[in-house]
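Peer 1: Same order as they appear, the protein sequences are chains A and B.
Heads up: the first sequence is residues 1 to 674, going by the numbering used here.
Heads up: the second sequence is residues 1 to 331, going by the numbering used here.
Think of the hints as simulated: they come from the structure by calculation, not from any bench.
Just so it is clear, the structure is predicted and the values come from calculations on it, not from any experiment.
Positions of the beta carbon are idealized from the N, C-alpha and C atoms, including for glycine.
Some hints could be false.
Unchecked claim - Below, computed lysine-lysine pairings styled on DSS-like, alpha-carbon distance capped at 25 Å:
hint : chain 1 : residue 1 : chain 2 : residue 2
1    : B       : Lys47     : B       : Lys314
2    : B       : Lys152    : A       : Lys576
3    : A       : Lys303    : B       : Lys47
4    : A       : Lys576    : B       : Lys47
5    : B       : Lys209    : A       : Lys288
6    : A       : Lys266    : A       : Lys303
7    : B       : Lys152    : B       : Lys209
As the list claims (entries may be wrong) - Footprint (simulated), chain B over chain A, 3 or more residues, beta carbon under 8 Å:
hint : stretch
8    : 566-575
9    : 608-620
Claimed, not checked - Derived coverage of chain B by chain A (criterion: at least 3 residues anywhere in the stretch with Cβ under 8 Å from a Cβ of chain A; other residues may be distant):
hint : stretch
10   : 42-51
11   : 118-131
12   : 145-157
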Amino acid sequence: MTERIRALMHFQWERLHHAARIALPEDLELTYRDRSLPDTLRTALRLKQALEMETPYLFDNEIIAFTRTVPNLPRIFDDAEWAAITEGHFIHELGNVSNLSPDYASVISVGLLAWREKLGEGELHRAMRISIDAVLKLTARYAAAARAKGDEALAEVLDRVPALPPRTFREALQSLRILHYAMWCEGDYHNTMGRFDQTMIPYLRADLEAGRETEESAFELLEAFFLACNRDSDLYPGMQQGDNGQSIVLGGMLPDGTDGFNLLSKWCLKASAELRLIDPKINLRVNKDTPLEVYELGTQLTKLGLGFPQYENDDVAIPGLEALGYDTEDARNYAMAACWEFIIPGRAMDIVNIGALPFANIVDRVLREHLTACRSLEEVKALVREAIFADVRKTLAERRNLYVIPSPYLSLFFDGCLESGRDISLGCKYNNWGLHGTGVAPAADMLAAVDQEVFHGDTAPEALLRAMADNFVGHDALRDQLKYHCPKAGNDDDRVDGLVGWLLDTFADAVEGLHNERGGIIRAGTGSAMFYIFHANELGATADGREAGVPLPANYAPSLNIRLNGPVSLIKSFSKPDLRRTINGGPLTIEFSDSVFSQEESITKVAQLVRLFVQRGGHQLQLNTVNRERMLDAQKHPENYRNLIVRVWGWSGYFVELDKCYQDHIIRRAELLV
Amino acid sequence: MSNASPLQPKGQAATAPHESCGFQRGLAAPAQARNGATAVGIVFDIKEFAVFDGPGIRTTVFMKGCPLRCQWCHNPEGLSPKPQLMVSTAACVHCGACERACPLGAEVPTGGCWQPKGCTACGACVPACRGGFRKIAGTAWTAEDLAARLNKDADVFRATGGGVTFSGGEPLLQWDFVSGVLDRLAGVHTAVETSGFTTDAVFAQVMEKLDLVMMDWKVSDPEAHRRYTGVDQAPIRRHARMLAAGDTPFILRMPIIPGVNDEREHFETVAELVKGAKSLVRVDVLPYQRAAGAKYDMVGRTYAPEFDEAAAPKYFLDVFEREGIPCQVFR
């Protein structure tokens, strides 16, 4: 790390730039709130106003500029207008375009002015022009501020981009910073920076070959860019701070079928390890032939406790996406939508998290209502299958007449919007919807327990239901039997792993052939997002011996209150199902104690473990390194742990800034660690 | 408590140990299978992905029972050869459910949370505890079942140069059983972590059969050795010499205990023992960890080391450097 980076990092870490932040004036005149203006133009005018309110703010020795000074955006609609809209529409999350992967690369490479020249007079085009002009105007003010500060080098970069194609790596990074910054200012969120290494490698290579940059100076630029990604991240909307979707994807197959892991992919892993910040969150695409050395680089990051990289397996994801109807070159080009959902850059207006199938709750309900009438596991499974089909259809029926706030600026980064004049919020090449699947492991554990204890054991169904109703109080022997002596997903036991596979397959069957109102298909997944907290709260004691109040696991992970054999069994268990069919996304998560890494050779061993998961057909894997005692102490003395980073569900955040229920869940997970 | 619990093989509950595993204070004498019956081993833990117990991805089997009484032992549940009750007392709420479940009835001390006199490790109180604070450490395995459990992951072991490690306790106390398991392992790397306190005949078999021997060298001075470990050093010294002269790859492990063996002479003794040994992999230096006493309460023992736990152990790596002896410190 250079002195310059160290100084920038210190400044930022001490939040000194927050002093420049100003609140929205209360009497702010919202010129775009004219009821006769269509929503597309309003969005553009609000972006214009937001960027006009910004004051250029430069750090000393700035490298990659653009820092937010106005933390809040005024809303596009007033309360009455928004109430009218929500009355007749399904609104997803906050209503904005989110969880997509804009094709920044294409816009960066030609510049915003070239895009502007293609614009005509239609509504979307007018809105796009307003947006482009607003971005360029703020850039010009930043350039002037740089000159006033005597920083001619930065001023020249800002004279050039994002209006024109970058000539250098620095210009390309600055262009991406500005384009991504403006995305937040349009009100869009959770949209990723996509295949960053592919976007940037041509510029880096050209600089190195021409001798414009040395490896050291170019690496400094990269670190400055990463730093810039963290300046405003506390302002981004999310369930919890850190949940901001600001991720990048490294490596992986290119649309032409070649492997994309390059020098910059490697540098990104190294820069992230040096800086130890929560952004950008790193996804690393791998396949069965990925060399161990790449996993070792990734593991160096894991060791630091950042909670990334998260690994995606091309061998499973690409065929899985193809089977869902994505074109081969698009499937090969996948990125991650915010957390872990697979998304195609520049071509997908997929809503990857429109709902969640609560596996555990469904199995629990079927057992409560029908167990006494069932004579075999097959009968229970038939009812569970019916219930899964019904739940998926009910979810879909509740999502009618979707309204998404237009994003004319973001539409610049999606194929066909400019040509068709249709805003990205209305759709793109792919308009598929994704459903999470929460609690699949406890659901399978419940079925396995019932099979062993009721259908092949001495427990009467009434006795089990009674014990569940009593939260197992007075039924200790049964609870112990269910909890510790029945097969558990994660222990490489075919009796229950087969049930996990069956549940996932059933989910995939249930969505097959369904279409949403936009003509897209429905994707089944293994993720949970925050649903693991919601769904657990709706459950009482369950047939797997879990008492009421014990949380469900996040994502694709074993139950929290069981005994596990260890990580080898875990990986074998969770790579058994055919995960190509449930490829909406959702990783297996493994927690390591930081003591595992006290010897250097552990890096290789953990890397081998990750490779094992990939080679056995796992789809996504995410590893955490935690120290339970440190987390417990951080709850008591948060002031001492400002930089303690943990993984929550699909993203990493600062432990002390999380709500307690999330802190507690992470601590509980740590009790099962290796 | 470690995450892995004794895995109960299907249809086989934790039972009293096979008679042949009887504890004796003398040299670790191999248990004999009698009347052609399958030997049973008592295992107190099976740990997957044991990263410090040899090369590659490997699983470590902790065999119960040890003839030594090292003052710094951090696995007190490995001392007795029999299955025994372990209780996590710190979080006990004294609800008394364990007492009501105990078949010994009136002999249970009042107040709950601990084990009765004459506890047979029957396990009746384990499910009764709603906190999950009780367990039986020590599960009987047949060599066939244990080998099957381990062979399940043989593909992973082979792919990573890993395998299986037998640790303890003192695994050589149940050598016949361990040997029987080794015979059934499917071509994977095998290792043992031992005190070296066994007969010469057994040790020769160990060197013959294992791919890697990790043996402790605890205290160099014979008198101090007896004081701090409870046993005679002579056989251990003989076995260190056998390793140094032999072909079996070996690691000599040095637990460094403040005030007991953190002296230059101790390091020089080790250097002298392994100097020129062609099959030495390295010397492992394992400085004392303060968490060592954590589990004593759980097995009803008192942790009472005669050394100063808080002192920082010293080590003299220059001794090895000078002799060109590879070594690794586990901090």
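Peer 1: Each hint should be assessed against the structure and marked as holding or not.
Peer 2: Quick rundown of the hints versus the structure:
Proposed proximity of Lys47/B and Lys314/B is contradicted: the alpha carbons are some 30 Å apart, above 25 Å. Annotation: proposed proximity of Lys152/B to Lys576/A holds, straight-line Cα distance about 14 Å (limit 25 Å). A hinted pair counts as satisfied when its Cα atoms are at most 25 Å apart, and Lys303/A with Lys47/B qualifies at roughly 21 Å. The straight-line distance between the Cα atoms of Lys576/A and Lys47/B is roughly 22 Å, inside the 25 Å bound, and the hint therefore holds.
Simply put, Lys209/B and Lys288/A have alpha-carbon atoms about 35 Å apart, too far for the 25 Å limit, and the pair is violated. Distance restraint check for Lys266/A and Lys303/A: the Cα-Cα separation of roughly 16 Å lies within the 25 Å cut-off, and the hinted pair is therefore satisfied. Of the supplied pair hints, the one linking Lys152/B and Lys209/B holds, its CA atoms being roughly 21 Å apart against a limit of 25 Å. For the stretch 566-575 of chain A, the stated coverage by chain B holds: 5 residues have a C-beta nearer than 8 Å to a C-beta of that chain, and at least 3 were required.
For the stretch 608-620 of chain A, the assignment as covered by chain B holds, since 3 residues bring a beta-carbon within under 8 Å of that chain's beta-carbons and 3 suffice. Under the rule that three or more residues need a Cβ within less than 8 Å of chain A, the assignment of the stretch 42-51 of chain B holds, with 5 such residues. With 5 residues having a beta carbon nearer than 8 Å to a beta carbon of chain A, the stretch 118-131 of chain B meets the requirement of three or more and the stated coverage holds. Chain A is given as covering the stretch 145-157 of chain B, and this holds because 3 residues of the stretch bring a CB closer than 8 Å to a CB of that chain, at least three being needed.
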